[in-house]
Amino acid sequence: MNAATRQRRNGKPPVPGGRWHTRAFSYLFVFASAALFVAPILFMLVGSLKPDARVLAEAGGWHAFWPGSGASGQNYTDVFHRVPFARYLVNSLWINGLIVALGLPVNAFAGYALARLRWRGRELALAAVLAILVIPFEAIAVPLFYELTALGMRDSYTVQVIPFIANPLSIYLFYSFFLGLPRELEEAARVDGAGVLRTFLTIVVPNAKAAFASVTIVTFLFYWGMYLWPLLVTGGPSVRPLPLGIATFYTLPPLQWGDILAFGMMMVAPVLVIFVIFQRWFVRGVAATGLKG
Amino acid sequence: MAAVEFRNVEKVFPDGTRAIDRFSLEVEDGELLVLLGPSGCGKSTLLRLLAGLEALDGGEILIGNSVVNALGPRERNVAMVFQNYALYPHMSVRRNLEFPLRMQRMARSEIARRVERTARALGLEAVLERRPKALSGGQRQRVAMGRAMVREPEVFLMDEPLSNLDAKLRVQIRAEIAELQRRLATTMLYVTHDQVEAMTLGRRVAVLRDGVLQQVGPPQTLYERPANLFVAAFVGSPEMNLFRAELTSQDGVPALGFGEQRLPLVGPAPPDGAVFAGLRPEAFSDPSARPELPSVAVDVAAAESLGHERLVYFRSPVTGVDTEGRERGADSFMAARLPVEAEAHSGRGLRLAVDMGAVYWFDGQGQALSA
Numbered sequence: 000m001n002a003a004t005r006q007r008r009n010g011k012p013p014v015p016g017g018r019w020h021t022r023a024f025s026y027l028f029v030f031a032s033a034a035l036f037v038a039p040i041l042f043m044l045v046g047s048l049k050p051d052a053r054v055l056a057e058a059g060g061w062h063a064f065w066p067g068s069g070a071s072g073q074n075y076t077d078v079f080h081r082v083p084f085a086r087y088l089v090n091s092l093w094i095n096g097l098i099v100a101l102g103l104p105v106n107a108f109a110g111y112a113l114a115r116l117r118w119r120g121r122e123l124a125l126a127a128v129l130a131i132l133v134i135p136f137e138a139i140a141v142p143l144f145y146e147l148t149a150l151g152m153r154d155s156y157t158v159q160v161i162p163f164i165a166n167p168l169s170i171y172l173f174y175s176f177f178l179g180l181p182r183e184l185e186e187a188a189r190v191d192g193a194g195v196l197r198t199f200l201t202i203v204v205p206n207a208k209a210a211f212a213s214v215t216i217v218t219f220l221f222y223w224g225m226y227l228w229p230l231l232v233t234g235g236p237s238v239r240p241l242p243l244g245i246a247t248f249y250t251l252p253p254l255q256w257g258d259i260l261a262f263g264m265m266m267v268a269p270v271l272v273i274f275v276i277f278q279r280w281f282v283r284g285v286a287a288t289g290l291k292g
Numbered sequence: 000m001a002a003v004e005f006r007n008v009e010k011v012f013p014d015g016t017r018a019i020d021r022f023s024l025e026v027e028d029g030e031l032l033v034l035l036g037p038s039g040c041g042k043s044t045l046l047r048l049l050a051g052l053e054a055l056d057g058g059e060i061l062i063g064n065s066v067v068n069a070l071g072p073r074e075r076n077v078a079m080v081f082q083n084y085a086l087y088p089h090m091s092v093r094r095n096l097e098f099p100l101r102m103q104r105m106a107r108s109e110i111a112r113r114v115e116r117t118a119r120a121l122g123l124e125a126v127l128e129r130r131p132k133a134l135s136g137g138q139r140q141r142v143a144m145g146r147a148m149v150r151e152p153e154v155f156l157m158d159e160p161l162s163n164l165d166a167k168l169r170v171q172i173r174a175e176i177a178e179l180q181r182r183l184a185t186t187m188l189y190v191t192h193d194q195v196e197a198m199t200l201g202r203r204v205a206v207l208r209d210g211v212l213q214q215v216g217p218p219q220t221l222y223e224r225p226a227n228l229f230v231a232a233f234v235g236s237p238e239m240n241l242f243r244a245e246l247t248s249q250d251g252v253p254a255l256g257f258g259e260q261r262l263p264l265v266g267p268a269p270p271d272g273a274v275f276a277g278l279r280p281e282a283f284s285d286p287s288a289r290p291e292l293p294s295v296a297v298d299v300a301a302a303e304s305l306g307h308e309r310l311v312y313f314r315s316p317v318t319g320v321d322t323e324g325r326e327r328g329a330d331s332f333m334a335a336r337l338p339v340e341a342e343a344h345s346g347r348g349l350r351l352a353v354d355m356g357a358v359y360w361f362d363g364q365g366q367a368l369s370a
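For the record, the sequence lines run as chains A and B. Per numbering that gives the first Met the number 0, the very first residue in the first sequence carries number 0; after that it's consecutive. Per numbering that gives the first Met the number 0, the very first residue in the second sequence carries number 0; after that it's consecutive.
Chain A extracted, bound-state conformation (with noise of 0.2 Å):
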């Protein structure tokens, strides 16, 4: 097929090289990507329907992502015979919510008052905030154990929440979206008479959904993997949170993998139905707060 028949069946001119080509390669590339990123999650649904028997046994091939027959719930109900899941997952309810919903003001009015306000030291803290963005929390976590257990915290919802209302990574999300808001929006604001509290109250933060979805999704996904912070401050299951009940199994012999999957399915799946209904908010929270590229 000739340049010429190509573009009379078409209507358009021909693209150099072939667009099926690309189209395809393109289709290939995200199909296949997409396959690296699902394969864990489906492995561990097809797993936690399994047998114990089966589940190492047919992990080499294909049959790892395949039911077969004998596919039951039996691990889940097992999971909560055998340690306390649903105190597992109320306790990371609660710690990662009350993160959220008390990280979500302290962090946005940090960034708008980084982003927006003229305070002597604005350059220094903003500094420090990209700063202790790079260290990673595992070098300041003895030294912060240390601190907290001498406050008489340990073995607390408390300990487990307080170090991690204040996040520079929410800062700085917060900062970049508040930086791209029309400044003449605030401006107006102040001019028709609202002082700063009250601009930022009801003209910044209706404005600033997206960040605010975006800052949620991300700590709620950060924290509730958490394992190192809660296993030095916690003594028992009762404040323990869900990475630390998953670790339970290991030391619960004998060793049930067909458990374990289930468990991570039951802890992965408020996340992913989280993830899933703010995803529109979150890709354009990241877009807006300039995250994106």
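Hint data in this document are derived by calculation from the structure and do not stem from the laboratory. You may find that some hints are simply not true.
Quick partial rundown of chain B residues pointing at chain A, CB under 10 Å, derived from the structure [unchecked claim]:
| hint | residue |
| --- | --- |
| 1 | Leu52 |
| 2 | Met79 |
| 3 | Tyr87 |
| 4 | Met90 |
| 5 | Arg101 |
| 6 | Leu156 |
| 7 | His192 |
Ideal placement from N, C-alpha and C gives every residue a C-beta, glycine not left out.
We have chain A already, so just place chain B on it with the hints.
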């Protein structure tokens, strides 16, 4: 309503730019004063200083005889219309109009009464429940006006409020603003870079350049008696033809050199110290219509018909200068405003009569000299 006064106002930006330099101006109670100047001349900064959105670095601003330097925006009782309208996107038109009144903790019944009255005055009743994004450009502009009006402020500040509208709508809204200001009789400072807007709206126009007040006066005065080269060139379209004055004589009569040609000077002699001269495009005419005037031959570079008149551009036979008095170089052009029936074609020669009584004279510093 209140008078406004700027006394030696200064503003220096953090990077050292002197945005406003010893600016003094009085605006009468109920007056509509237009601040006119090119982009970056400091006119919007003046408005922001008056609104309290920027802090002064020197001088005083008075609203109604009270110094407001230390007052925040909300204590100044001024209302501002921004260039991009700055409507609150998450609020309906009604909520936008209510916002400044809610900030004053006004009674609900009074808020409702004022909003209804303002919406009626601006023809916004049908769109009160809509969000700004569902409005046309003209409607958004009216909502921004309404949000300013509903407060019944002492001073209206308008920061290029028509620049986002198309040409037709701009003319319509411009007339509405003028009518509104007359009806409300509220002091208004109106910032624009568009001289047509300035000339048609303001009873007085203040021309700014690089943060310095160049001239203030009625539009006709600015046009007829510009204070300097800058005002002469900035007010009027096409701008005044400015050139280095070559004073010579022809047959014993003082004359102005126009390339190889001489234009005998009629009336009073050029003032002492005249270095630059200026001719408005309408100083040129068809020699057959004005046979009593001296005429010159020019080469037409371009001719534009505007329907009611013809603008003719020709290569300047004299040394054209800019507003600083700097020579424009060999490629400078002059403009002539002729009747639409005038025969002018690019690439051809043309004779133009020159009204020598309409020559403007400027000294070496670019200041106007009276003949």
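Tested hints:
1. Leu52: holds (5 Å)
2. Met79: Methionine 79 of chain B check passes; min Cβ-Cβ to chain A is 5 Å, inside 10 Å.
3. Tyr87: Hint on tyrosine 87 of chain B: holds, closest Cβ of chain A at ~6 Å, below 10 Å.
4. Met90: holds (8 Å)
5. Arg101: holds (9 Å)
6. Leu156: Status holds, d = 8 Å.
7. His192: violated (18 Å)
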